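Q: Going down the list, the protein sequences come from chains H and B. If you read the first sequence in the working numbering, its first letter stands for residue 1, the second for the next number, and so on. If you read the second sequence in the working numbering, its first letter stands for residue 391, the second for the next number, and so on.
By construction, these hints were calculated from the structure, which means they are not laboratory data. Fair warning: there could be bad hints in the mix.
[To be verified] To give an idea of the interface, some chain B residues facing chain H are shown, with a C-beta separation under 10 Å as derived from the structure:
(1) Y394
(2) V408
(3) I411
(4) E419
(5) G421
(6) I423
(7) T452
(8) C455
(9) A458
(10) L478
(11) I523
(12) Y545
Owing to the predicted nature of the structure, the values given are computational and were not obtained by experimental measurement. We put the CB at the ideal spot given by N, CA and C, even for glycine.
Given next are the chains, with one letter for each unit.
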Amino acid sequence: MKKIYLDYSATTPVDPRVLKAMIPYFSQKFGNTMSLHSFGQEAKDALEKSRKIIADFIKAKQNEIIFTSSATESNNLALKGIAFANKDRGNHIIISSIEHPCIIESARWLENQGFEITRLKVDKYGLINLNDLKKAIRKDTILVSIMHANNEIGTIEPIKEIGEIIKAVSRKLKAKIYFHTDAAQTFGKIPIDVNKMNVDLLTASSHKMYGPKGAAILYIREGVKIEPILHGGGHEFGLRSSTINIPSIVGFAEAVKICKKEMKEEARREIKLRDKLIKGVLKEIPGSYLNGHPKKRLPNNANFWFEKVEGESIVMELDLLGISASTGSACSSDKLEPSHVLLAIGLKPWQAHGSLRLSIGRWTKEKDIDYVLKVLPKVINKLRKISAIK
Amino acid sequence: MALYSKKIIEHFKNPRNVGKIKNPSGIGEAGNIQCGDLMKLYIKIGKNKKGEDIIEDIKFETYGCIIAIANASLLTTIVKGKSLNYALKLKKEDLIKKLGKPLPPFKIHCSVLALDALKEAIYDYYKKSKIKIPDELEKEHKRIVKIKKEISKRYKTLQKKNKIS
Chain H
1 MKKIYLDYSA
11 TTPVDPRVLK
21 AMIPYFSQKF
31 GNTMSLHSFG
41 QEAKDALEKS
51 RKIIADFIKA
61 KQNEIIFTSS
71 ATESNNLALK
81 GIAFANKDRG
91 NHIIISSIEH
101 PCIIESARWL
111 ENQGFEITRL
121 KVDKYGLINL
131 NDLKKAIRKD
141 TILVSIMHAN
151 NEIGTIEPIK
161 EIGEIIKAVS
171 RKLKAKIYFH
181 TDAAQTFGKI
191 PIDVNKMNVD
201 LLTASSHKMY
211 GPKGAAILYI
221 REGVKIEPIL
231 HGGGHEFGLR
241 SSTINIPSIV
251 GFAEAVKICK
261 KEMKEEARRE
271 IKLRDKLIKG
281 VLKEIPGSYL
291 NGHPKKRLPN
301 NANFWFEKVE
311 GESIVMELDL
321 LGISASTGSA
331 CSSDKLEPSH
341 VLLAIGLKPW
351 QAHGSLRLSI
361 GRWTKEKDID
371 YVLKVLPKVI
381 NKLRKISAIK
Chain B
391 MALYSKKIIE
401 HFKNPRNVGK
411 IKNPSGIGEA
421 GNIQCGDLMK
431 LYIKIGKNKK
441 GEDIIEDIKF
451 ETYGCIIAIA
461 NASLLTTIVK
471 GKSLNYALKL
481 KKEDLIKKLG
491 KPLPPFKIHC
501 SVLALDALKE
511 AIYDYYKKSK
521 IKIPDELEKE
531 HKRIVKIKKE
541 ISKRYKTLQK
551 KNKIS
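Given the sequences, and given the hints that come with them, work out the whole structure.
A: Here is the structure:
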């Protein structure tokens, strides 16, 4: 059976061009960047070249890019690093209520350490309210962290405007309030310019954009006061000790090179497929609804909820038909709680449990979308027939 | 798929005894829609040669995950034609074993739904027919009702937790 992968938001396959670029760095150019000999220098060279490619891509300076192992690590470093480096100035941090668990849980941990957390609510599309933000900022606020686009529902937040507000309030209060954005879902899909977006810190990950797993960045604007959370040999400007994962970083940079060239055209193509999918599902399946914003959304994300059916069963039926999708709701936790994002946009738990996320990518073809539109109505229909809700 | 056994997948793909029974002898419900799981079970009671009550027909409807569906389907095939005494003696461990693979811990809850709904259906039948309800079943009934209430409560805290702090 032919398999159709529609879970690109979870992770992406490594682009063959990326893999080719990585291969020499496993067994030939395997050096440790800290070594003085030629192997070490070769690795160090590759590291700095990669750093430059990625810095240029988001209009940052080379020394503003810190390599980490994952977006989760970058987000942990951003929140905990800023919190502990600036606690003499304040202990208040603002996040949104729909952040990725690695932000939510880092904030919760900081809360237990004595920091105060404000969680901004969102509207039915998942957008934060700029007035709420203005009201939430205080003299002792040290950090605001709002994601660029949501990983579940795909809604893109107005990062530039949020950054402007934070800058203006910072000036008025004569206090430096840092702004971090988790761009794991947008990096490589839509343009990112750290200056235009007014961000001080930004997280991006390799495996979401056809690079390998195990590489990510935290952009840290020059002059930002931050503490490391990994201490050791002083790699990455003393901010992230650990032997450098050169193959993954080289792959990450190669993936960025490809995105730089192809991103614009690819986004156009994906938006067309996405909109065909959304329109088709809403038209063909009665009692189906789109989660997230109709326009301000990731080029590759479609997220629905269906009346009277349960998400995991939909995913399973689709898997049996060769389609890899994801539940909109994280039912796999031991608590069986529906997704915090879907609850935050106002869905009732039984609506959230009926959610499905389809995320398209570089190798999604129009005929794949046609196939989904052919089989999904049948799947929903079958599950509704056995449903206890009428 | 590695997470689930072939047997689970098979029952999930072709669930047996799906639907409603007209004028059922008893209806049982378990789970709570607010939490994303609801199981409805209908039974029709008849007599066997010995004059014992048996489950002549059984049907189910569910809003639930793979395990909830597969497990309900399996349960209906096991108890159909059997005596109520036999059905009441079934343990969740028996069903889980029959599904062929140990379930992930967070899925145990889903596998109990059908059995609970069956107990509730039998309870309903006894009550309607004014048959004395065995102590054990009375205890089970209380437990199932209590779970429903707890889920309702948890749902409310969940709603609160996701509001702005």
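Q: Compare the structure with each hint and give your call.
A: Hint-by-hint comparison with the structure:
no.	hint	verdict
1	Y394	holds, 8 Å
2	V408	holds, 5 Å
3	I411	violated, 14 Å
4	E419	holds, 8 Å
5	G421	holds, 8 Å
6	I423	holds, 5 Å
7	T452	holds, 5 Å
8	C455	holds, 4 Å
9	A458	holds, 8 Å
10	L478	violated, 22 Å
11	I523	violated, 24 Å
12	Y545	holds, 6 Å
The structure does not agree with the numbered hints 3, 10 and 11 stated previously, though it agrees with the rest.
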